[in-house]
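Residue numbers (our numbering), protein chains in the order written: chain A, 1 to 278; chain B, 1 to 308; chain C, 1 to 320.
In the DSSO-like style, the derived pairs of lysine-lysine whose C-alpha atoms are separated by at most 27 Å in a straight line are: (1) A:Lys212 with A:Lys170; (2) B:Lys27 with A:Lys102; (3) A:Lys169 with A:Lys144; (4) A:Lys119 with C:Lys219; (5) C:Lys206 with A:Lys84; (6) C:Lys211 with A:Lys119; (7) C:Lys206 with A:Lys91; (8) A:Lys156 with B:Lys16; (9) B:Lys27 with C:Lys206; (10) B:Lys16 with A:Lys145; (11) C:Lys17 with B:Lys205; (12) A:Lys119 with C:Lys206; (13) C:Lys211 with A:Lys169; (14) B:Lys285 with A:Lys84; (15) B:Lys16 with C:Lys211; (16) B:Lys27 with C:Lys211; (17) C:Lys211 with A:Lys144; (18) C:Lys206 with B:Lys16; (19) C:Lys219 with A:Lys84; (20) C:Lys17 with B:Lys191; (21) A:Lys169 with B:Lys16; (22) B:Lys175 with C:Lys17; (23) B:Lys285 with C:Lys189; (24) C:Lys219 with B:Lys27; (25) C:Lys189 with A:Lys119; (26) A:Lys169 with C:Lys219; (27) C:Lys105 with A:Lys84; (28) A:Lys54 with A:Lys221; (29) B:Lys27 with A:Lys84.
If you're looking for bench data, these hints aren't it; they were derived computationally from the structure.
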Amino acid sequence: MTTLTATPTSMETYPFTLSESTPVIDTKYKMIAENVTVSYGDIDAVKNVTMKFKENSVTALIGPSGCGKTTFLRCLNRMHDMTKNAKVTGKVMIDNTDLYSKEIDPIYHRRKVGMVFQKPNPFPTMSVYDNVTAGLRLNGVRDKKILDEIVEDSLKMAYLWDEVKNDLKKSAIELSGGQQQRLCIARALAIQPEVLLMDEPASALDPIATQKIEETITELKRDYTIIIVTHNMQQAIRVSDYTGFMYLGDLIEFRETKKLFTDPKNELTAKYVQGHFG
Amino acid sequence: MNSIQQRRQEYRSLFKQNVAGRLVVDKAVRIIVFSCVIVAIIPLGSILIEVFKNGITAISFEFLTATPGSIGTGQGGIGPAIQGTLIIIGLSSFIGIPIGVMSGIFLSEYGDNKLARFIRFFNDVFMEFPSIILGIFAFLMIVLVIGHFSIWAGAFALSLIMFPIVARTTEESLKMVPMTYREAGTALGLKKWIITFRIVISSAKSGMITGILLSVSRIGGETAPLIMTILGSSQFFSSFDAPMDALPLRIWRLSLLPYDSAQLQGWGAALVLIMIILGINLGIKYYFMNKKNGFFGKSIKQRRRLVN
Amino acid sequence: MEIPLVKKRVISDRVFKIGATVAGTYVLVIVALMAFQLISESYPIWQEEGLAFITKTDWNAVEDRESFGALPYILGTLTTSAIAMAIGVPLSIGIAMFISDAPAKIGAPLGFLVELLAAVPSVIYGLWGLFVFRIYFRDWIEIPLHNAFGDNIWLFSGNPFGLDIITASVILAIMIIPTVSAVSREIMKAVPQQQKEAAYMLGATKWEMFKLAVFPYSKTGLIGASILGLGRAVGETMAVTMLIGNATGPSAIPSSLFGPSQTMSSIIANEFVEASPASIHMPALIGVGLILLLIAISINVVAHLLVTRMLKIKEGAINN
Numbered sequence: 001m002t003t004l005t006a007t008p009t010s011m012e013t014y015p016f017t018l019s020e021s022t023p024v025i026d027t028k029y030k031m032i033a034e035n036v037t038v039s040y041g042d043i044d045a046v047k048n049v050t051m052k053f054k055e056n057s058v059t060a061l062i063g064p065s066g067c068g069k070t071t072f073l074r075c076l077n078r079m080h081d082m083t084k085n086a087k088v089t090g091k092v093m094i095d096n097t098d099l100y101s102k103e104i105d106p107i108y109h110r111r112k113v114g115m116v117f118q119k120p121n122p123f124p125t126m127s128v129y130d131n132v133t134a135g136l137r138l139n140g141v142r143d144k145k146i147l148d149e150i151v152e153d154s155l156k157m158a159y160l161w162d163e164v165k166n167d168l169k170k171s172a173i174e175l176s177g178g179q180q181q182r183l184c185i186a187r188a189l190a191i192q193p194e195v196l197l198m199d200e201p202a203s204a205l206d207p208i209a210t211q212k213i214e215e216t217i218t219e220l221k222r223d224y225t226i227i228i229v230t231h232n233m234q235q236a237i238r239v240s241d242y243t244g245f246m247y248l249g250d251l252i253e254f255r256e257t258k259k260l261f262t263d264p265k266n267e268l269t270a271k272y273v274q275g276h277f278g
Numbered sequence: 001m002n003s004i005q006q007r008r009q010e011y012r013s014l015f016k017q018n019v020a021g022r023l024v025v026d027k028a029v030r031i032i033v034f035s036c037v038i039v040a041i042i043p044l045g046s047i048l049i050e051v052f053k054n055g056i057t058a059i060s061f062e063f064l065t066a067t068p069g070s071i072g073t074g075q076g077g078i079g080p081a082i083q084g085t086l087i088i089i090g091l092s093s094f095i096g097i098p099i100g101v102m103s104g105i106f107l108s109e110y111g112d113n114k115l116a117r118f119i120r121f122f123n124d125v126f127m128e129f130p131s132i133i134l135g136i137f138a139f140l141m142i143v144l145v146i147g148h149f150s151i152w153a154g155a156f157a158l159s160l161i162m163f164p165i166v167a168r169t170t171e172e173s174l175k176m177v178p179m180t181y182r183e184a185g186t187a188l189g190l191k192k193w194i195i196t197f198r199i200v201i202s203s204a205k206s207g208m209i210t211g212i213l214l215s216v217s218r219i220g221g222e223t224a225p226l227i228m229t230i231l232g233s234s235q236f237f238s239s240f241d242a243p244m245d246a247l248p249l250r251i252w253r254l255s256l257l258p259y260d261s262a263q264l265q266g267w268g269a270a271l272v273l274i275m276i277i278l279g280i281n282l283g284i285k286y287y288f289m290n291k292k293n294g295f296f297g298k299s300i301k302q303r304r305r306l307v308n
Numbered sequence: 001m002e003i004p005l006v007k008k009r010v011i012s013d014r015v016f017k018i019g020a021t022v023a024g025t026y027v028l029v030i031v032a033l034m035a036f037q038l039i040s041e042s043y044p045i046w047q048e049e050g051l052a053f054i055t056k057t058d059w060n061a062v063e064d065r066e067s068f069g070a071l072p073y074i075l076g077t078l079t080t081s082a083i084a085m086a087i088g089v090p091l092s093i094g095i096a097m098f099i100s101d102a103p104a105k106i107g108a109p110l111g112f113l114v115e116l117l118a119a120v121p122s123v124i125y126g127l128w129g130l131f132v133f134r135i136y137f138r139d140w141i142e143i144p145l146h147n148a149f150g151d152n153i154w155l156f157s158g159n160p161f162g163l164d165i166i167t168a169s170v171i172l173a174i175m176i177i178p179t180v181s182a183v184s185r186e187i188m189k190a191v192p193q194q195q196k197e198a199a200y201m202l203g204a205t206k207w208e209m210f211k212l213a214v215f216p217y218s219k220t221g222l223i224g225a226s227i228l229g230l231g232r233a234v235g236e237t238m239a240v241t242m243l244i245g246n247a248t249g250p251s252a253i254p255s256s257l258f259g260p261s262q263t264m265s266s267i268i269a270n271e272f273v274e275a276s277p278a279s280i281h282m283p284a285l286i287g288v289g290l291i292l293l294l295i296a297i298s299i300n301v302v303a304h305l306l307v308t309r310m311l312k313i314k315e316g317a318i319n320n
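Chain A extracted, bound-state conformation:
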């Protein structure tokens, strides 16, 4: 049995070159994570990872269970502040501001970065309408007309409007799993973020619901920068423009999706995408 060696290929050593056939585009990075390390006590769950996320793209993070992809994702909106024992070092820049700088409270940043979790988690005691407006009310938006407008806008973007428009006061938990997840997407979109983090958003859903979520993501990427963690490689291929492969806390390879899956540069990546281990 061959030993699995890992030679991380970080973004620093693999320049983002443009091929001759494509016109010169302003490659603007919406979010840049630099030297991010997450440790729980003695264990490093994420080891010195650097990634750059282009604006209005979908980046998939793949890797076997425990590789640190979800842990890394949660750094991007400082969710680890809530985790006991977690220590995060490094920088996460969004539009040239460091999320982790001491001067700015994370609340400001979390309005720019929305998150959708693995299991749909709408607020169970609230209606569909109230779930979507939850974030807006925190930000002081009270005008009913505006709330109505944003609710419709967000639900439409999440492809849920048609299914709930007749009964927005329905309790959120009366929706199906797939609908609840789209509700969570709408809730995240309502606060007008620019980046959307998704942690295996379809893993708890049936195939049809999954398909709807993936369609939503493809539509959303025109206006949002999306980073999605997934354990489903086919999903990564379907949905994402770039893919990062992580293993045991290291970023092994980060490239355009097609290239990573058809012509991986790293032996470990090749083994993973060919299904040698999961």
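Dock chains B and C against the given chain A, drawing on the hints supplied.
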């Protein structure tokens, strides 16, 4: 900038610049909530300090062993009360613990039926009965019947407080023992009662003992049920069929007297009682916490280090 | 070795099962006996006064002029318990909020200290209340309030000695804090982590997270915890007896915060031993006990239903 981005900007502009205010409110709530904790702990501190401060001056060998002197003279002690408390705790435990343990065994090992659910419900409700009512009950069942105050009545009343607690904690401790232990015993051909006592209970031992000790500490401080059962007395124990003193009763009676010397003796008795109760509580915490740090008390990583 | 397919009727196991079942049913027997005894021994007062016993306010044990009514004590119990709840429940919820969200290093010792409050016997609360708390409370709070507002606000009109409703209620509030805060803490901890994360994701502060994720979810359970505290307060005897001022009859009806009163449990504690079983004094006291028991049971049943319903929801809800 396309329309979505325009809309986004537009909606964003409707957000109030309220984050600073929200952070202030959050800070205020944190302070309030912490103050609640302080407000709760201050009485605890004050009680312990006052009991120690005032009670320590009353403590002497005579105080701990003599019978109460004439009222108001400041002489004498609480010997009978200390003896009484120990006797009543012992007797109540003698009655209440076996019933509680067997009850807990019933609920855990034979408890998957309607009767058990019914019993569990009543057990939980019974636990909340005001203790003075239990005293009345014991009075009616025993004192009225035999015609005089009696230690049995007091022990019976306190056992009624004990057994539901012991039953509940025993049930919970036994339920934590994995079924596989019992199945292993059955596979070996052992009888159920042997499995229960020698396998299941020995695993559940620390949980059960904790529950038992907690119930003991609880009844040590109980006063109300003793008022109409053992009544109180100035003499040492004479017979099970006579009144007897106990620390909580003596404290109460001393507090009603208008003499400073009586008040002082009250503090002294309170100190002794608190020492007994705190002793049991802290003993539980430290003895069993440390015992738990056997193989199963450590984290996986620590365990690995042990094994390697 | 043969494993028997049919369960052998082993005698010792049968005895064991019977013994355990008997022990289990012991509580049912006791409850039944208690109900019977309380009703039959208090029967004389019901016979004498009928249901008016619950609404009368006399309390006269003098022979030939005996007349008893439980109302003042029912009101006394309800008043002190209600005030105790009004003070104790907000404090307990604050404590639960702090401890449920604090790191274990801080939360565990503080939680232990709060629970230690429950280990202090009622009679020692009474002693401390009588000789320490009452003095400060009377001098720093009761007398100033009485002097300032006593003429205008009926609440402060009684003559403040410190042995009154408010002192007893405050001590009662302290005594219910361990129960209410411990149960509230469990309930708050039962809120799924994902709910809290959803709130944080929206940019909520910790307090806003509580308002969005914790309180709506645990509302029922917190109400149950509070009612559990009420149940405790209602049944409390010694501390109240030592602080409530010992009024009887119509003068025990709660009139002002600084006036004396009497609760159902305290009248029993004070008078039971002196009552002669020949008169209807003792049946009257037992009748008061019966009323107390019924009130206590109802409150506790309601509380348990609310709390267990909440904890069951936690297990069932996240299965969609």
